[in-house]
Every structure is written in C-alpha cells, then in structure tokens.
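**Student:** The task is simple: from the sequences and hints, build the whole structure.
2 protein chains.
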Amino acid sequence: MAKDLKKQPRPKAETPKGFRDYFGADVTERKQMLDRITEIYHRHGFEPLETSAVETVEALGKFLPDVDRPNAGVFAWQEAEVPGGGAGDWLALRYDLTAPLARVAAQFRNDLPSPYRRYAMGPVWRNEKPGPGRFRQFYQCDADTVGTASVAADAEICAMLSAALEHAGIPCGDYLIRINNRKVLNGILEAMGVTEGAPADDVLRTIDKFDKVGEQGVRQLLTTGRKDDSGAVIEGVGLRPEQADPVIAFLTSKGGNNAETLANLRAAVGASAIGAEGVEELAQISDMLAAMGVGEDRAVIDPSIVRGLGYYTGPVFEAELTFEILDEKGRKRQFGSVAGGGRYDGLVERFTGQKVPATGISIGVDRLLAALRAKGLMGGEVQGPVVVTVMDRDRMSDYQAMAAELRAAGIRAEVYLGNPKNFGNQLKYADKRQSPVAIIQGADEAARGVVQVKDLILGARIAAEASHDEWKSQPAQTEVRRADLIAEVRRILG
Amino acid sequence: MAKDLKKQPRPKAETPKGFRDYFGADVTERKQMLDRITEIYHRHGFEPLETSAVETVEALGKFLPDVDRPNAGVFAWQEAEVPGGGAGDWLALRYDLTAPLARVAAQFRNDLPSPYRRYAMGPVWRNEKPGPGRFRQFYQCDADTVGTASVAADAEICAMLSAALEHAGIPCGDYLIRINNRKVLNGILEAMGVTEGAPADDVLRTIDKFDKVGEQGVRQLLTTGRKDDSGAVIEGVGLRPEQADPVIAFLTSKGGNNAETLANLRAAVGASAIGAEGVEELAQISDMLAAMGVGEDRAVIDPSIVRGLGYYTGPVFEAELTFEILDEKGRKRQFGSVAGGGRYDGLVERFTGQKVPATGISIGVDRLLAALRAKGLMGGEVQGPVVVTVMDRDRMSDYQAMAAELRAAGIRAEVYLGNPKNFGNQLKYADKRQSPVAIIQGADEAARGVVQVKDLILGARIAAEASHDEWKSQPAQTEVRRADLIAEVRRILG
Numbered sequence: 001m002a003k004d005l006k007k008q009p010r011p012k013a014e015t016p017k018g019f020r021d022y023f024g025a026d027v028t029e030r031k032q033m034l035d036r037i038t039e040i041y042h043r044h045g046f047e048p049l050e051t052s053a054v055e056t057v058e059a060l061g062k063f064l065p066d067v068d069r070p071n072a073g074v075f076a077w078q079e080a081e082v083p084g085g086g087a088g089d090w091l092a093l094r095y096d097l098t099a100p101l102a103r104v105a106a107q108f109r110n111d112l113p114s115p116y117r118r119y120a121m122g123p124v125w126r127n128e129k130p131g132p133g134r135f136r137q138f139y140q141c142d143a144d145t146v147g148t149a150s151v152a153a154d155a156e157i158c159a160m161l162s163a164a165l166e167h168a169g170i171p172c173g174d175y176l177i178r179i180n181n182r183k184v185l186n187g188i189l190e191a192m193g194v195t196e197g198a199p200a201d202d203v204l205r206t207i208d209k210f211d212k213v214g215e216q217g218v219r220q221l222l223t224t225g226r227k228d229d230s231g232a233v234i235e236g237v238g239l240r241p242e243q244a245d246p247v248i249a250f251l252t253s254k255g256g257n258n259a260e261t262l263a264n265l266r267a268a269v270g271a272s273a274i275g276a277e278g279v280e281e282l283a284q285i286s287d288m289l290a291a292m293g294v295g296e297d298r299a300v301i302d303p304s305i306v307r308g309l310g311y312y313t314g315p316v317f318e319a320e321l322t323f324e325i326l327d328e329k330g331r332k333r334q335f336g337s338v339a340g341g342g343r344y345d346g347l348v349e350r351f352t353g354q355k356v357p358a359t360g361i362s363i364g365v366d367r368l369l370a371a372l373r374a375k376g377l378m379g380g381e382v383q384g385p386v387v388v389t390v391m392d393r394d395r396m397s398d399y400q401a402m403a404a405e406l407r408a409a410g411i412r413a414e415v416y417l418g419n420p421k422n423f424g425n426q427l428k429y430a431d432k433r434q435s436p437v438a439i440i441q442g443a444d445e446a447a448r449g450v451v452q453v454k455d456l457i458l459g460a461r462i463a464a465e466a467s468h469d470e471w472k473s474q475p476a477q478t479e480v481r482r483a484d485l486i487a488e489v490r491r492i493l494g
Numbered sequence: 001m002a003k004d005l006k007k008q009p010r011p012k013a014e015t016p017k018g019f020r021d022y023f024g025a026d027v028t029e030r031k032q033m034l035d036r037i038t039e040i041y042h043r044h045g046f047e048p049l050e051t052s053a054v055e056t057v058e059a060l061g062k063f064l065p066d067v068d069r070p071n072a073g074v075f076a077w078q079e080a081e082v083p084g085g086g087a088g089d090w091l092a093l094r095y096d097l098t099a100p101l102a103r104v105a106a107q108f109r110n111d112l113p114s115p116y117r118r119y120a121m122g123p124v125w126r127n128e129k130p131g132p133g134r135f136r137q138f139y140q141c142d143a144d145t146v147g148t149a150s151v152a153a154d155a156e157i158c159a160m161l162s163a164a165l166e167h168a169g170i171p172c173g174d175y176l177i178r179i180n181n182r183k184v185l186n187g188i189l190e191a192m193g194v195t196e197g198a199p200a201d202d203v204l205r206t207i208d209k210f211d212k213v214g215e216q217g218v219r220q221l222l223t224t225g226r227k228d229d230s231g232a233v234i235e236g237v238g239l240r241p242e243q244a245d246p247v248i249a250f251l252t253s254k255g256g257n258n259a260e261t262l263a264n265l266r267a268a269v270g271a272s273a274i275g276a277e278g279v280e281e282l283a284q285i286s287d288m289l290a291a292m293g294v295g296e297d298r299a300v301i302d303p304s305i306v307r308g309l310g311y312y313t314g315p316v317f318e319a320e321l322t323f324e325i326l327d328e329k330g331r332k333r334q335f336g337s338v339a340g341g342g343r344y345d346g347l348v349e350r351f352t353g354q355k356v357p358a359t360g361i362s363i364g365v366d367r368l369l370a371a372l373r374a375k376g377l378m379g380g381e382v383q384g385p386v387v388v389t390v391m392d393r394d395r396m397s398d399y400q401a402m403a404a405e406l407r408a409a410g411i412r413a414e415v416y417l418g419n420p421k422n423f424g425n426q427l428k429y430a431d432k433r434q435s436p437v438a439i440i441q442g443a444d445e446a447a448r449g450v451v452q453v454k455d456l457i458l459g460a461r462i463a464a465e466a467s468h469d470e471w472k473s474q475p476a477q478t479e480v481r482r483a484d485l486i487a488e489v490r491r492i493l494g
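Chains as they are written, first to last, in UniProt numbering: chain R, 1 to 494; chain Z, 1 to 494.
Errors might be hidden in some of the hints.
Put simply, identical chains are the same to the list, so a pair is met inside one copy or across any two.
[Said to hold, decoys possible] Straight-line distance between alpha carbons at most 25 angstroms, and here's what the computed DMTMM-like set of lysine to aspartate or glutamate pairs gives: (1) Lys432 / Glu479; (2) Lys428 / Glu14; (3) Lys129 / Glu81; (4) Lys17 / Asp96; (5) Lys432 / Glu296; (6) Lys209 / Asp302; (7) Lys421 / Glu128; (8) Lys432 / Asp302; (9) Lys227 / Glu215; (10) Lys355 / Asp21; (11) Lys355 / Asp111; (12) Lys31 / Asp366; (13) Lys31 / Asp96; (14) Lys129 / Asp229; (15) Lys12 / Asp89; (16) Lys212 / Asp302; (17) Lys31 / Asp21; (18) Lys212 / Glu349; (19) Lys31 / Glu166; (20) Lys31 / Glu260; (21) Lys12 / Asp345.
None of these hints come from the bench; they were simulated from the model.
**Tutor:** Encoded structure:
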C-alpha cells in the first residue's frame, strides 16, 4: 500500500463541504441537553426508537415521483446488481425521523403497542447546496404518537414539549408554544368559497404574508394585486373583495385569551362544518392543557401559525423562543422557532393503504442548543483534567501511579505524554487543556517524598493581576507530602 | 401527490437488507453502557469527538487503489457535477472511527492539544453482503491518543480499557486484556531470516493457526506442508526446518507471569535489535500497568495475539471475555473478543507527509452489550408507565390531570389514547406496555371522589397462582380517595 500511495498526490484533510465535526463541549453539551429532553419523553410514556440511517428510496417515498433523479434532496446510491436478478435497490440516507417512523409503524404494526408513542434523536441528512449556517447533516429530536385520532394526543404532545423545553433550561416566559388547526384554515377556505387546489394554495401563501403586509396588503393580494415598496407589482389571486372577509376575520381573530380567540374563530368559519370541527378541537386542546397545568403563558391558540400545510391534517404547533439575543453585530433579535409539528395522516397509509392518524413534534437540536448558550445556560467554564507533568522520563510509572490514584478518587487526571524535555511546553499543554491543577515531581522531590501541586486557576489570576515579584514567589504552588497529594488536589478543586 | 401515488404500487415497509432498527430497551441499555464507558474515558482526560458520518472517498483513503470501483466495501456516491467545474467529489459513509480521526488530526493539527486524547462513539457503515449476525451499520466506541510515541500511552489505553469494562459491569476475572507487540514479531522474522513481504505474511498467517494445529502443525506448515484431518493437503511455506525454531520459541513463550514470558521472548528474538526493542516496550508496559494497579489478572503479555498486522506498528491489545455462556443450542461457548487495538503510525502521514504516532482501542459495542445481557447484568425487568385508563371519553381532561400529577411526582405515566370503548383492550394495552399500575375512574367513582388503583404486577401473579374465586375478589385492586392517588401509586411501586 505504501508504494501505491507514493504514486498519487496526498489526500486533502477536509471535512466534506456542508458537514462539520463536533469537539469536546460541543458533544457533551448537546448530549446533556438531549438527556434532559429524554427524561421528559420517558416520563410521558414514550419509548425510544433508533432506525437505521439508511432507508430504501422507495420507503422514503417523498422523492419517488422524480424517477429520473431519485436522489434529489437526499444522498442516494444504487446497490450493486443482484446476481441474476437485475438492478439493485436505490438506498438513501434518511432526511428526517418521520419517514422512518412511518416505515416502522407499517412494518411492525402487529408487534407495536397501539397507540405507539415513540421518541427518536439522531442525525439526518439533506443533499442541499451548503451555505453559511446551512448544513447537510444535522440533529433532530422527535416525539410522535401513532395510531390515535384523539386530540388528547395533540394536547399531550404540546404539554410534553413545554415540559421538555423547561427541563432543558428554557424557563416559562422565555418560550411560547403556538397552536393552530389546519381544519380551521380549511373552514376559512370553505367560507370563502375557494375549493382546494391551486387557488387554495395561493390563499394560504397570502396568509403567510400577513405579518409583513398587514390587513390592507392581504386584501390587495387576494383580489387585484399590490405594488410593494420597491414599486414591483405582485399579481393578485383574483378573488372578489367580499371573499377576502373570512381571511381577514381569521387573521385578526387572536384575542386576549384562548376563549376570545376561539369565539372569533367560530365567527370566522361561519357555516363551515370542517371549520367548526377545527375550532372545537382547539377548544378541547385548550381545556386539556389547562387540566395538565399548562397555562396560556406556555401554550396558546394562535391562528397566525401556518406550517407545511400539504403535510399536516389537523392541529399544528410551533414553539418559539421569545427572548431577545444580540447577534454578531450587536443588534437585538428574536431567537425564533425551535420546534414544530402537528397532526398528519397519510404517512403510514402509503405502505398499508390504511389511514393511521399520527401527531408529533420535532425539536431543532442545534437551534435549541444555541439558544441555551445565548442565554448563558450552557457552555460556561469547561474544566480540563489535572495534568501530572513529567520531570524524569524514566519515572513514568510513578507519574502514572499518581494519575491512577487521582482517578480512583474520582478526579479527572492524565499524565503528560508529549516530549517532556521542555517543561514550558508541558505547562502550555496544561493551559490548552484548561487544567485546574498541575502536579510536579522531580528527582529531588521524589527523594524527599513530596510533590509540587500548582493551582493553575489561581496562578493565571495572579499572573494577570500581581506584580512581577509577587508572581515570582509562586503563591499558587504548594509542596505537600506525596501521601497528601489527593487531599491537596481536592482542596484546590474545592 | 395523492394522485401520483395511486398510479404506483405501494412501497414495501422494510428495513433495508443488512440494517436494523432498535426499539425501547435496545436503545436505553446501549446508551447506559456507553455512558458508563464515557465516564471512564472522561476521567482519563479523553475528549469527545463527533465527526460527520460522511467523508470524501479521498480522505477515507483505504479504498483509493481500487479506482474503478471506489465504493468497494463502503457506501459511496458521487456528488452532482460542479457547475462549470467538472465531476463532483465521491463521498462515502465512514467505515470506522479511526480514518475520520486521522483526517481530523491532520486538518486541525494546529488547534488540537498535542498529544490529543479523544474518544468517539457512533455508527459506522460497511457495504458488505449481509448475513446472519452480519450487519451493514453497527456501533463502535473508540479511544485513541494521537501524537506520542511513548508506550506510556499504550499502557494507559490498556488500563483505561480495563477500567471501562469493569465500570460497564464486567468484573475482574471475567475478562482479560492480552498484549503483544508487532516489533517482537518483526524480531522473530528477523531471527528466522525471513524478510518482510509475501513470505513474512505467510509466516504470520501460520502463527495465527497455532491454536488449531499446535506446534507440530506449525512446523509442517512452515516447511513442507501438512495434511489436515479431512485428508486435504495444505502447502507449506517452504522454510528450512531450523528456520521454524524462533517461531516455535515465540509461540511457546507464554510463561506463568509477565516476567517469565518476557524472558522467553528475549531468548526467542535472539540478536534482532527490533525484537529486543519490542520486548523492552512490553516490559515497560507491564511495569506501568502494575504501577496503575492493573495486575496480570486484568492485562497480561500474551504472544499469541496477532491482530490486523499490516496496520499496526507496535503494541497490540485484545480484550477477551473469559466466561462461558450457553448458545442458542444450549452448548457452552466462550464469549470471545470484545475490544482490540494497538499502535499505528501511518494514518495521519497520508495527509501531511509527517509521521504521527498514535495508539488506541475500539470496543465492539454490540458484542459487549450482548455479553452484559448474557451475564444477566443488563436487560432485566423493564417497567412501563402507569396507565390511566379512560372510562368516560368526555372526561379526558380529568385523566390527563391525573397523568400530569403522577409525572410531577416523578412517576412515569400516560393516558390510554386508543379507542376507549372496549375496556379489556385498555388492560391488554397496559399489559403490552409492561405497566405496573392501571388507574380507573368511571362516572360513579368520579362522583364519589375516588379512583381505583390496580396493581398489575400483583394482579398477574395472582392470575397465575390463585384460584378462580381468589382472582374474582380482585385483591390487586384498591379504591382510594382521589387526593391519595399519588401516595397509593407510590406505595405499590415501592
């Protein structure tokens, strides 16, 4: 192999474009956060599920219609030819945790409890053009209940999301779960006399612009069109002016509390049966949340939430962080959405032909972690190991015995394993490792049965504050008997 | 989309061939085991690293020579064409955790501490023909020290592996770490007058057969060949009879303790300088392990260990579980190897041209977990959630309030969310969920301010043991005041 390698240029040591590596605290802090969330999911009766990272393109399904390019949006490859059996399967990396859940719910439907509550956390992959802050592998953390049409499941998911966010460290008041219902939107369309399909999609897209263009803007967009600030003309949907009324009623239906909002929504859907059903579901969810102790300061009915509408069939949820952080330019900005979900019916049906109602949420792991860091709730001081330095290369066993003793006492410790010749490099290494303490024992100390214990945190403070003379007196370094090593390190670590 | 779907047959709901899904305890037990191992790695000063699952085929390297089929052994695919820039990169799923470490060590060499101690755990992928017990995605759990040639690093890795196995639950005496050194083997080859290359490989392959064919068999295989039990003739390596002597001395060098083994090895390598260096390294490792409190009942010099020799350049390690288990046919068998590793130099050099010495181990996660289960150390009783049953569909909020109260008291609980019509189905569900307790409250109980608390564990025991009359008296079901619900559930859970 060595010979072969010489013939070719050296490979580039690079993380593939759009991917990243996580070091040290990046890994442990995410794990800590997910462990906290897992505790809550577990306590709500949810069971873990870890599917394979790889699925058949057929099972992923979303991409099936595009037969010529089965790998659009996913990382896909074709299996080798089956001997005597023609072309191999197309396989792909999962792009979310819901498609594999649908496959599992269909495949194991006779073995799983019904309803099946499951949580899943792990990486997913998207074959997208990488960009700043846009990655091709990222973590998701989902919880879903499969096999029940009861809105009690939706209410439970919202209550659990609230508990999970708080247990992860986001206090009540710093987040808000907003709840809407696709059926209410359908009722609004019905009240407008707009059938589903292209015009309905146009209406929904317009609703999504309410935040930006306001009531007048929405009226214009639904009817004859609108000129935006730059003077560009945006074509209207072409509805009659009075057809816009239910939309406006809907968009302005948010009241001071759930009861008011629900009353406004009941008026907005008018005679639509599906609309009334949607409002009734929201009312039930509101009651159930109250019964579970989740007040409107935690989860609230909010008609402005419009999520991936082709996918959802009933209640939809979105958790937003409501505190402001400073961005890299020092400007205040809202942190925004960290989780979302809702009710969906079609996923398992693809496999079995039977409708299997399901509801769930997905937490954006990286975003929530970033939020916890921005709030100073995670990622504080990282403490490295105690470093046992090496004064005499032939006394490694003695140094290793010290490290072993420290570990046996529950203290993180390591022996310096680089070239020990330059002692300054050893202290530089300890500094890079964020070590709180360095242990030093030369031949002289060994003969006298003592060790030097250097308090690196105090040492750094003295180096920053003290005069040269004070610094030279090394108050941060103490000589103790070898037998007292553990006690002295414990004293310094506090 | 619904229209498109009708045109094509339903997708199959199947885990792709060679992959698997993990449910419930499979996930939590593995996590628990890895958390225990992580604690030990952390205490030894190792830092977590999580690389992307995807690497460039170029960086993975091992597969580069096979230019026509860059995906042999790995799952690989080609990126889309770069606009105006020709063919896209070949990407692949990592096949182990060492190749990505080498890439990271080269890429971040100016930022990482040196030596760099890191651990990594996660799935790896192999594009192999699936077979019984052979999977194409499995977990590894590695720890490596990069950037030091000191055998102190090798000794530390062995001591850490010992601590990790014990912390995971394998007691001293149920495992043994065997240590050998590639340099000793090189010394043996030198003493035999066999240069490296094809004949050396043949000798090493023969050494590996010692367990099966014994001293006489090895002598035959090294010289003129051997007839095996079936009468088939195996060709010999073609050495002169006296050339086999150092190999035999080596293979029979294991003494009653490390000191004896080392003395035998010193004799076996004769005048070979590299052999003597290898023996000296083993002697140092032996001393260091003793200093760290790792006796020969935990880690021992054993010349019979021969691991992936093209890869390793110095000490090699293998951890074997020494207890017997019964296989599916009730036969006793040894559990065998659960971890292995050693020193390697060439991996980072591929990228930078500079030799970077490194050493490490990899734990076979699935095998170790299977061992813990076989020993009854994991996977005992799984307790499901308390199930609050639903007697009145319109009182869901009351049931949800009970579940919320239970959870607030730290008790895992859920409301039954299936169709509540058939109460028997609710109890069957609780049974499937391995619930310890079911809560029942009909309209009558609600009016009286009480709940029924059913001890399902006691109930199951009574059903198995008691007479029909005893069973009918339902001693496992207690009526308590609603306010006493938590206290009663706590009493039953113990």
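**Student:** Output the indices of the hints that this structure fails to meet, ascending.
**Tutor:** 2, 5, 7, 8, 14, 18 and 20
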